[in-house]
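Protein chains: 2
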Amino acid sequence: MKIAVYGYGNLGKGVEAAVRQNPDAELVGVFTRRDPAAVKTLTGAKVFSASEVKAFKDEIDVLILCGGSATDLPETTPALAGDFNVIDSFDTHARIPEHFERVDAAAKKGGRLALISGGWDPGLFSLNRLYASAILPDGADYTFWGRGVSQGHSDAIRRIPGVKDARQYTVPVPEALEKVRAGETPALTTREKHTRECFVVPEEGADLAAIETAIKTMPNYFADYDTTVSFLTEEELLRDHAGLPHGGFVIRTGKTGLEKEHSHTIEYKLTLDSNPEFTASVLLALARAVDRLAKRGETGCRTVFDIAPADLSPLSPEELRARML
Amino acid sequence: MKIAVYGYGNLGKGVEAAVRQNPDAELVGVFTRRDPAAVKTLTGAKVFSASEVKAFKDEIDVLILCGGSATDLPETTPALAGDFNVIDSFDTHARIPEHFERVDAAAKKGGRLALISGGWDPGLFSLNRLYASAILPDGADYTFWGRGVSQGHSDAIRRIPGVKDARQYTVPVPEALEKVRAGETPALTTREKHTRECFVVPEEGADLAAIETAIKTMPNYFADYDTTVSFLTEEELLRDHAGLPHGGFVIRTGKTGLEKEHSHTIEYKLTLDSNPEFTASVLLALARAVDRLAKRGETGCRTVFDIAPADLSPLSPEELRARML
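Residue numbers (numbering that gives the first Met the number 0), protein chains in the order written: chain Y, 0 to 324; chain P, 0 to 324.
Hint data in this document are derived by calculation from the structure and do not stem from the laboratory. A couple of the hints might just be wrong.
Copies of one chain are not kept apart here, so a pair can be met inside one copy or by any two copies together.
Okay, derived cross-link-like pairs now, EDC-like style, lysine to aspartate or glutamate, Cα gap no bigger than 20 angstroms in a straight line [as the list claims (entries may be wrong)]:
| id | residue 1 | residue 2 |
| --- | --- | --- |
| 1 | Lys254 | Asp23 |
| 2 | Lys294 | Glu233 |
| 3 | Lys1 | Glu258 |
| 4 | Lys107 | Glu297 |
Can you build the whole structure from these sequences, using the hints too?
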């Protein structure tokens with residue numbers, strides 16, 4: 000399948016790397032809104048201007064949209080879904096229904112297939128919420144994130160006056176995890192589920208106390224959490240916090256039996272060295288499915304919930320049954 | 000959907016209980032090869048003779064086959080797949096391809112839909128092997144079972160002369176689990192992955208040393224494992240080992256990045272108080288999917304790999320996207 004990347008940031012680079020691990024995929028190139036001459040790809044993949052993407056309509060099986068969910072994807076995905084089979088990793092959970100409707104309409108109109116909200120959350124975590132809740136209807140599920148770098152929270156700290164750079168880790172509270180695993184189905188507040196660790200490089204002469212207060216009292220981002228703030232040098236940040244690790248847990252506990260006398264726990268856990276590379280790897284498996292569904296003549300928008308697992312694998316149905324079932 | 004149970008052992012009883020947790024399911028009855036008058040169901044469900052099942056052709060949406068994999072299902076599933084939409088939990092991994100072909104032919108001939116090898120392994124564990132390997136092609140996966148009761152191994156002990164009753168637990172070796180989680184992709188022998196704990200009630204005057212030797216040297220079942228044997232009274236067995244807990248782990252570790260410099264771990268873990276009730280709960284979710292696919296006019300044999308996750312859930316696609324994605 001011929002893959003192209005639209006938007007060449009961390010996620011786009013992850014797709015570029017992932018293509019090399021999947022012999023059935025080939026990278027047509029990378030489309031960027033920057034000057035193509037100024038963009039150098041990791042593997043020597045060709046770079047094109049985003050403005051000329053539609054000229055490649057017939058040369059791309061699946062276009063992977065690697066923009067951000069805040070402003071890029073709500074525009075880009077519907078705009079391109081009429082001309083390409085597309086995949087995105089739209090992750091603003093509350094706006095998924097509306098994004099789905101717009102992409103579905105565009106894809107149907109153009110006779111193309113789209114898949115939105117691929118990745119691990121939404122994505123693999125969503126799948127686990129669905130499977131576990133279908134199997135254990137009398138139960139509760141919990142999603143914990145981390146320990147990992149939240150780009151949104153790191154950006155929020157960087158916007159505070161006096162901050163030169165910052166890295167924020169989301170950390171699940173071990174006691175909350177243990178309660179959930181024990182089947183206690185606790186009602187957990189935001190504060191009880193996660194803590195936030197902030198590593199901040201201040202500008203020279205900045206007011207550290209003011210920065211710390213600005214972080215800890217920031218509504219939505221930090222005010223509802225137990226937050227710790229550590230100041231460090233730029234060298235220390237680069238040395239100790241250069242990576243983008245992430246991960247988390249989806250845990251469902253539920254009861255069965257005539258008297259609900261038996262407890263069960265289903266736990267799914269990801270531990271990721273590189274959030275963008277792992278997300279890209281999920282998108283590439285989904286691209287395989289999108290390519291297959293499109294070649295079967297399907298059109299419109301899909302999510303991970305609509306994809307039969309077999310369509311993600313390069314193995315044939317016979318091989319899958321013989322080796323993996 | 001109208002469900003019926005064929006074979007009323009632990010699994011059949013689990014399905015009977017699970018139906019009460021799923022408002023969209025209704026239990027037509029239980030079919031048994033025993034004298035129906037001698038079978039009393041847990042919930043007062045009707046009992047019919049297995050020999051008259053075909054008279055119920057038009058009254059059952061999905062027939063759940065609850066026989067054993069050794070001798071029952073290889074006969075029963077193909078024999079009934081032409082007249083009913085059926086599900087089984089056939090778990091002899093090596094014989095799945097052949098079972099699939101026979102059931103597929105029968106179901107296609109009768110215009111019905113079948114799903115084989117539902118449950119958690121094969122089943123949920125298979126799904127996790129597939130998803131994880133499609134996402135991390137450069138990696139290795141490992142399946143560990145337990146701590147849990149293996150019925151097959153318990154039965155094998157009971158066949159030894161001088162043994163009145165027995166319960167065998169399969170236990171994953173913690174050090175092996177830790178090596179796998181650490182991404183070391185170790186080559187593990189059978190002995191390094193699991194130990195076996197046997198609790199044996201001897202007949203009066205039995206030769207305990209001979210029983211212990213017979214267990215520990217039994218080929219396939221115990222000879223390749225570190226096995227411990229404890230003798231106890233029947234009362235102790237009933238008091239401390241009455242349940243059928245089980246569970247296990249599917250772990251895949253893999254690398255991404257141009258130099259494969261990033262490691263990732265995907266871990267799926269089940270902790271089950273009741274193996275048959277949990278398996279039955281999986282079968283009921285799969286029955287929902289089978290019913291839907293059959294009503295769409297699909298025929299032939301399927302496995303969990305072929306089922307789009309959305310079809311397992313009682314929620315609509317819109318609800319799933321809004322609440323679980």
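Comparing the hints with the structure gives:
{"no.": "1", "hint": "Lys254 to Asp23", "verdict": "between (43 angstroms within a copy, 18 angstroms between copies)"}
{"no.": "2", "hint": "Lys294 to Glu233", "verdict": "neither (50 angstroms within a copy, 62 angstroms between copies)"}
{"no.": "3", "hint": "Lys1 to Glu258", "verdict": "neither (54 angstroms within a copy, 23 angstroms between copies)"}
{"no.": "4", "hint": "Lys107 to Glu297", "verdict": "within (9 angstroms within a copy, 24 angstroms between copies)"}
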